[in-house]
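Colleague: Here is how the chains run, residue by residue.
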Amino acid sequence: MGLVRKLAIVAATVGGLFAFNQAFEFGVGDFQINPYYARIINLVGINITLAVSLNLINGLAGQFSIGHAGFMAVGGYAATYLTVFHGEALARLVGGTVMSGAGSVVVMVLSLTVGALSAAVAGLAVGIPSLRLKGDYLAIVTLGFSEIIRVVILNIPAVGGATGFTAALPITNFFWIFGVALLTITIVRNITNSTFGRALGAVRCDEIAAEAMGVNTTRHKVQAFVISAGLAGMAGGLSGQLFANPLSPQNLNFVKSIEVIVMIVVGGIGSITGAVLGATTLTILPEALRTVDQQFPGLRMVLYALLLILFMIFRPQGLLGRKELTDLFRR
Amino acid sequence: METFLQQVINGLSLGAIYALIALGYTMVYGVLRLINFAHGDVYMLGAFAGFYLANALGLDANPSVLWAIVVTMGSMAICAGIGVLIERLAYRPVRHHPRLTALITAIGVSLLLEYGGQVVFGATPRFFPQMVRSETYAAGGVQITNQNLLIIVVALVVMLALEFIVHRTRIGKAMRATSYNLSVAKLMGINTDFVIAFTFALGSALAAAGGVMVALAIPRIDPLMGLMTGLKAFVAAVLGGIGNIPGAMVGGLVIGLMETWLSATAYSTYRDAVAFGVLILILLIRPSGLFGTAATEKV
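Chains as they are written, first to last, in my numbering: chain B, 575 to 905; chain H, 283 to 581.
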């Protein structure tokens, strides 16, 4: 694909996202989107980023991580911290405010970058123990790290401690959420089709055989962790700065990590399309079940859990297995 | 010195609870290589079963040690049944699927018990009736309540009983054989389905005993009480080397002692992190836990 064509695709995507964003915020003609639906769509976008990024570790590299919420927390808190405490100064550099125009673009890009980088550093810290640990032990270490991150955040008063980071400015919108989601999908897809991705696939299938074939397994695993954590950090940065959706240590516990795992498993572990589908379904489903909740309080989550078990018993490979949407167009 | 001893006693009683629950994790992992995430919730169900039994017997008005034992036994029996039911309905159908599938099923069962508990028992905490009158003994400046003493004694008795079952009985031998190699055990004529069901019953009964004991000492019970305790007990099992019974006991005690010790310092808010911190440190030095044997991998 030529450079011109690539640039054209990027420009068209950005334009399309911008147009959607305008429609989203100001409506089309008399039609105005219901704020409740708008919120769910935004959450779908954030969860797509989370699910697709986790798919890199759990699906492609075959390592079992249950600490994704920890990376999301690191990135989210770092990004939000930057916006809240330095956003004003940064926006002034380009002569705008945090909430609108060029200022908001600069602040958003910088805060997401900082979020991604800090989460990637956390990913490196978690990835290094994976040099020695395998399977269940690795899983429990990732869980341990994410719990430690949560407790540490709980003890930092500057970011709100147990009450959550309520000082956050709501600068996230449709454009950024789906921009990052598309970026994540593109990155993970390109990795899957690259030499690096093939090597990760080899590690998943048989680590010893992969090593014998000359794949530097530990280095590849750590790299996968770092990239996945960085992407999750961006999702955290978006989530923390979404309107009336402050980050709080209670919501970033291991239940959140489990939610993301369930998304990729239901969609079909190892498939990017599956991760997108799973994230979408499992964000909308609990909301759709809210009507059940009004008649029988609390039954919604019981059904959700039951559905999960039945799914595992009757369709363990998930909705799509390892299939991709692009398989349909393969010549 | 006295404060130190006091910390040790408090830590031992907390650690004994973790050890009781960790045993269930480690036994199930031993035979099935499955992290039974729902185990912490079985512990919660044990506390609730005890709550309803004790109320039905009217123990709040007239506490007695004898009836407390009956309630504990009853709760253990109920949870043993629940454990077998969970294994039969949720885990057996996915036993031959990839391990990730079984793990997610376990997570699903855990969520089901937690949210189901909130629907059935209500989300607000309940107060466990005082089945045994609280008394405090003091010796050499160290104080111990009879409930804490009871926890330590019960845990000790149960662990000895478990050691006996696993190493001195027929079913124990079958359990060890199944844990060593499930398909070969089957070929040798062992009814592995029964052995696995028995393991679940045993583990769940231990968790129920833990639940009732905790409820005696800290009488606030709620449907989510098993979440954090279960997680830490699991960490205790991994710490000792998962699949290893003495390891689970030592792991539970280590975590209990560390946590109590940290609670007394200025860093008490980091209490929930200490279990994981210790775990990561130990796994970095000994990747298969304190007593676990390193498995060599074959191609």
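For the record, the hints were derived by calculation from the structure and aren't laboratory data. The structure presented is a predicted model; accordingly, all values stated were derived computationally and were not measured. Even for Gly, the Cβ is constructed at its ideal location relative to N, Cα and C. Some hints here could point you the wrong way.
[To be verified] A few chain B positions that, by computed beta-carbon distances, are all more than 12 Å from chain H:
no. : residue
1   : Ala663
2   : Val836
3   : Thr854
[What the hints assert, rightly or not] Reference listing, derived: stretches of chain B covered by chain H, where coverage requires no fewer than 3 residues with Cβ under 8 Å from a Cβ of chain H:
no. : segment
4   : 647-654
5   : 715-722
6   : 869-880
7   : 886-900
[Unchecked claim] To give a feel for the contact side, a few chain H residues facing chain B, derived at Cβ under 7 Å:
no. : residue
8   : Ala372
9   : Thr387
10  : Phe403
11  : Thr427
12  : Val520
13  : Ile567
14  : Pro569
15  : Leu572
16  : Phe573
Colleague: Each hint should be assessed against the structure and marked as holding or not.
Modeller: Status of each hint after checking the structure:
no.: 1; hint: Ala663; in the structure: 32 Å, holds
no.: 2; hint: Val836; in the structure: 7 Å, violated
no.: 3; hint: Thr854; in the structure: 19 Å, holds
no.: 4; hint: 647-654; in the structure: violated (count 0)
no.: 5; hint: 715-722; in the structure: holds (count 6)
no.: 6; hint: 869-880; in the structure: holds (count 9)
no.: 7; hint: 886-900; in the structure: holds (count 3)
no.: 8; hint: Ala372; in the structure: 6 Å, holds
no.: 9; hint: Thr387; in the structure: 4 Å, holds
no.: 10; hint: Phe403; in the structure: 11 Å, violated
no.: 11; hint: Thr427; in the structure: 28 Å, violated
no.: 12; hint: Val520; in the structure: 5 Å, holds
no.: 13; hint: Ile567; in the structure: 10 Å, violated
no.: 14; hint: Pro569; in the structure: 5 Å, holds
no.: 15; hint: Leu572; in the structure: 13 Å, violated
no.: 16; hint: Phe573; in the structure: 14 Å, violated
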